[in-house]
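Q: The lines below spell out each chain.
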Amino acid sequence: MALVTKQYLYETVSALLEGGNPSAGKKFETRMVQAFIQQSINRKLKTEYLSVTLPSDETIPEGLVLACYDQVPVTSYKGLSRAKLPAMPISLRRNMGVYFVGPAVAGNISPIPTPVTSLTIQAVIDRTIVVVGTTELVIGVAGGSTIVTCNSFANVADTGFTVIRGNVPIPSIDPLDGSNYFTKVKTNNYILFNTPLVPGEYLKIQI
Amino acid sequence: MIVLNQYIPLQNGQANFIKSQNLINNLLGTVGYEVRDGYVVFTEDITSVSGQNVNAVDMQLVTMDLDKYGDYDLLPIGSDMAAQIITEVVGMLMQTPPPDLRVDSRAEEAVNKR
Chain A
1 MALVTKQYLY
11 ETVSALLEGG
21 NPSAGKKFET
31 RMVQAFIQQS
41 INRKLKTEYL
51 SVTLPSDETI
61 PEGLVLACYD
71 QVPVTSYKGL
81 SRAKLPAMPI
91 SLRRNMGVYF
101 VGPAVAGNIS
111 PIPTPVTSLT
121 IQAVIDRTIV
131 VVGTTELVIG
141 VAGGSTIVTC
151 NSFANVADTG
161 FTVIRGNVPI
171 PSIDPLDGSN
181 YFTKVKTNNY
191 ILFNTPLVPG
201 EYLKIQI
Chain B
1001 MIVLNQYIPL
1011 QNGQANFIKS
1021 QNLINNLLGT
1031 VGYEVRDGYV
1041 VFTEDITSVS
1051 GQNVNAVDMQ
1061 LVTMDLDKYG
1071 DYDLLPIGSD
1081 MAAQIITEVV
1091 GMLMQTPPPD
1101 LRVDSRAEEA
1111 VNKR
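One line per chain: the protein sequences are A and B, in this order.
The first sequence begins at 1 in our numbering and counts up one residue at a time.
The second sequence begins at 1001 in our numbering and counts up one residue at a time.
Here chain A stands alone, though its shape is the one from the complex:
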């Protein structure tokens, strides 16, 4: 397998364009061919610039992009399964270089938009889902109840987090209509809502 570099791509494209004869007169300038190669790579990878400041207030180096790789094969591996990384990502904290992994098959998907790297928990009432933050588990989010239990509640100050509830899209700020009011007893790992939770309602907890 050839190591794929810009020069390798340029030389291969040039050889094909010149009919394999390197001494033939060049029809295209080097820069132009390289620009086309770069555009083609960008199109294939569907690259987009990554925000320098993440929702968790961390900053990452400039000049990084998100590259999409579709249909990466998955194989069984020692009772589990694994997929080979199609390219080596940049090494970032918390393995953020691998920004997203999801099933390639669309359909029957719960659309919960959330950045992977934030400490945001989103849960659907009566269908508890932990989206990010693997140690931040929401437990027992049931309709008709007013209690939401979360492992991390006990470790944060009573005012150290925000809770917003409602239908998707969840409002980014508290609507201040009283629906979000809750009580948290210090060091306890649950909060108590004023009004019962309704099935289908979403809950967003930001710590």
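Don't read these hints as lab results, they were simulated from the structure.
Don't be surprised by glycine CBs; every beta carbon is placed ideally from N, CA and C.
Just to be clear, a hint being listed does not mean it is correct.
[Stated by the list, open to error] In silico DSS-like cross-links for lysine-lysine, where the CA-CA straight-line distance does not exceed 30 Å: (1) A:Lys44 x A:Lys84; (2) B:Lys1068 x A:Lys27; (3) A:Lys78 x A:Lys46; (4) B:Lys1019 x A:Lys44; (5) A:Lys6 x A:Lys27; (6) A:Lys84 x A:Lys6; (7) A:Lys46 x B:Lys1068; (8) A:Lys44 x A:Lys6; (9) A:Lys27 x A:Lys44; (10) A:Lys84 x B:Lys1068; (11) A:Lys84 x B:Lys1019; (12) B:Lys1019 x A:Lys78; (13) A:Lys6 x A:Lys46; (14) B:Lys1019 x A:Lys6.
[Unchecked claim] A few chain B residues that face chain A, going by a derived Cβ cut-off under 8 Å, partial list only: (15) Tyr1007; (16) Gln1011; (17) Gly1078; (18) Met1081; (19) Ile1086; (20) Met1092.
Keeping the supplied structure of chain A fixed, place chain B upon it in accordance with the hints.
A: Showing chain B alone in chain A's frame:
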């Protein structure tokens, strides 16, 4: 099993730690993954989960902007993708030859040689 549009990222070694916790050891029905030695290793065999049989995944990786790569730096693309890129660029730059109206070009060539 809950089907999400993404798997749950775990730090290396965290999957084993979670396994020991009775309450959360199945990640509440979701699938997690760790990144190890160039592989994404899932917490269960997603290729044989009944009703899903995921044989491929989509990924987003953080890489450098292509402008920042030098001529001899390894690009974040696989060799299969390289072939597609070469074909595409050659197709864009290759000049289309004028249409050949001759029915059999070899016949005329033979005549001229005589």
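Q: Of the hints stated earlier, which fail here?
A: Numbers 3, 4, 14 - these are the hints that the structure violates, sorted from lowest upward.
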